[in-house]
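K.L.:
Numbering (the numbering used here), first residue to last: 1350 to 1769.
It should be emphasised that the hints constitute simulated quantities derived from the structure, not laboratory data. There's no promise every hint is true.
Said to hold, decoys possible - Keeping only pairs whose Cα atoms sit at most 20 Å apart, straight-line, the calculated DMTMM-like set for lysine to aspartate or glutamate is:
#1 K1627 - E1590
#2 K1499 - D1423
#3 K1483 - E1525
#4 K1480 - E1523
#5 K1480 - E1517
#6 K1706 - D1423
#7 K1409 - E1512
#8 K1610 - D1423
#9 K1493 - E1512
#10 K1389 - E1421
#11 K1436 - E1412
Said to hold, decoys possible - Per label pair, the in silico range of CB-to-CB distance:
#12 A1602 - E1451: 20 to 26 Å
#13 K1706 - A1397: 24 to 30 Å
#14 S1488 - E1715: 40 to 46 Å
#15 E1446 - E1715: 39 to 45 Å
The C-beta atom is built at its ideal place from N, Cα and C for all residues, glycine as well.
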Amino acid sequence: MLKKKFSILTVTVLTVAALFLGVALQSVISGDNIYQQMNKFAEVLNNANKNYVDEVDTQKLVEAAINGMLGELDPHSVYIPASQMQKVNEDFQGSFEGIGIEYDIINDTLTVVSPIPGGPSEALGILAGDKIVKIDDSSAIAIKRDNVPKKLRGKKGTRVRVEIVRSEEKKHLEFEIIRDKIPIYTVDVSFMLDSEIGYVSVNRFAATTHQEFVDAVNKLKLQGMKKLILDLRNNPGGYLEQAFQMADEFLPAGKKIVYTKGRQASFNEEYFSSGKGKYNDITLIVLVNQGSASASEIVSGAVQDWDRGLIVGETTFGKGLVQRQFPLPDGASFRLTTARYYTPTGRLIQRPYGKDKTAYRQEVLEREEEEGENLEHTAEADSTRPQYKTSIGRTVYGGGGITPDFVVKAEKLQRFTGQL
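Could you put together the complete structure from these sequences and hints?
P.N.:
And the structure:
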């Protein structure tokens, strides 16, 4: 039994190695160095399985090894266990199937933060602040956060019963909820600030983002909008295609929006504007901060390099590595960096990184930026960072992330948007 288990594990490990290199299993076995390294790993795993003082979980050991391997490469190449794949996919598909609530665990109690508009929970009258104490026949008191989606999500049309405690009600309330498809909106909010200025906030770039954005801007244009504030603060990124389509809306034809360069020629790509953009005539300001990353930086970089609008806020995160997702036989996946993003002027979006992921993330929080006084960043005149010129000759900075045209500290922007 052990021999059979080990042989299957060995094949699995070899297959993982093959996926990492983008080659077939046969070519891994024929490559002496890689085969020797895999042999070494297999021998350690086999010995741990047979001889370690306590019984070991070989799956955990293999997953730890994969995490360690990817951790040696860069901060954004990651392993995604099978148990997390559904949640990861839902976040970027634009919808999931469930009961339609935002929730939190407060004092060991599953609490409704808000029903999602248009969802089945809202239709039944479930309210913010309701406490779910029972799901079907099981108590929900002290439920683990990871177990909530397992209990409440499910295929459209299936049913789940919940028992709710509501502060003004003496008796528990019972609801039978028919699960449905629940949209995950990426445009948080859109409205007019005054008769000419519109505001749109986008929280990430998922499969539906471009269409949501176009719908929101079109509604504002009908209200007389001539100027737009696009808020990409704390937007961690997402699909490159969605970022490209958003930037395309603001640029005339033939403008390079972003390009990628990798070790393999097949990963080298260039993206140019189509000339079909509907918002060339709109005055544009883009808000960014240290939490704006990846796809957010593609949009803000293109806007800045082509002098299409002004970037306001803090220097962005600096995540400019292109990941491709590779599936594994057990339902897990891993994301491997295959290329780097560059803005139209040639700026590398990715900031420098070492082996310490904690230090890499902490560096963003420890940045000290003086507030910019003008477009030439007088506060950074002696900067050692590489300098580039925009289409009209303005200086913009490389070295990782997008440095705004006007550096405005977070607390000032918070006060501003708090009044919106």
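K.L.:
Taking the hints in turn, state whether each one holds.
P.N.:
Here is how each hint holds up against the structure:
The straight-line distance between the Cα atoms of K1627 and E1590 is roughly 17 Å, inside the 20 Å bound, and the hint therefore holds. Between K1499 and D1423, the direct Cα distance comes to roughly 32 Å. Violation of the 20 Å bound is thereby established for this hinted pair. Restraint check: the Cα-Cα separation between K1483 and E1525 comes to about 12 Å, which is no more than 20 Å; the hinted pair holds. At roughly 11 Å between alpha-carbon atoms, K1480 and E1523 fall within 20 Å of each other, so this suggested pair holds.
Our distance criterion of 20 Å between C-alpha atoms is met by K1480 and E1517, whose separation comes to about 12 Å. Our distance criterion of 20 Å between C-alpha atoms is met by K1706 and D1423, whose separation comes to about 8 Å. Between K1409 and E1512 the alpha-carbon distance is near 37 Å, which puts this suggested pair outside the 20 Å criterion. Restraint check for K1610 and D1423: the C-alpha separation of about 16 Å stays at or below 20 Å, so the hint holds.
Straight-line distance between C-alpha atoms of K1493 and E1512 comes to about 17 Å, which keeps the hinted pair within the 20 Å bound. Taken as a hint, the K1389 and E1421 pair is honoured in the structure, with Cα atoms around 18 Å apart against an allowance of 20 Å. Using a Cα cut-off of 20 Å, the hinted pair K1436 and E1412 holds, with the two alpha carbons roughly 19 Å apart. Restraint check, A1602 to E1451: a C-beta distance of roughly 41 Å breaks the suggested window 20 to 26 Å.
At roughly 25 Å, the beta carbons of K1706 and A1397 sit within the given window of 24 to 30 Å. For S1488 and E1715, the Cβ-Cβ distance of about 45 Å falls inside the hinted range of 40 to 46 Å, so the restraint holds. The supplied range of 39 to 45 Å is met by E1446 and E1715, whose beta-carbon atoms lie about 42 Å from each other.
Violated hints for the displayed structure, listed by number in ascending order: 2, 7 and 12.
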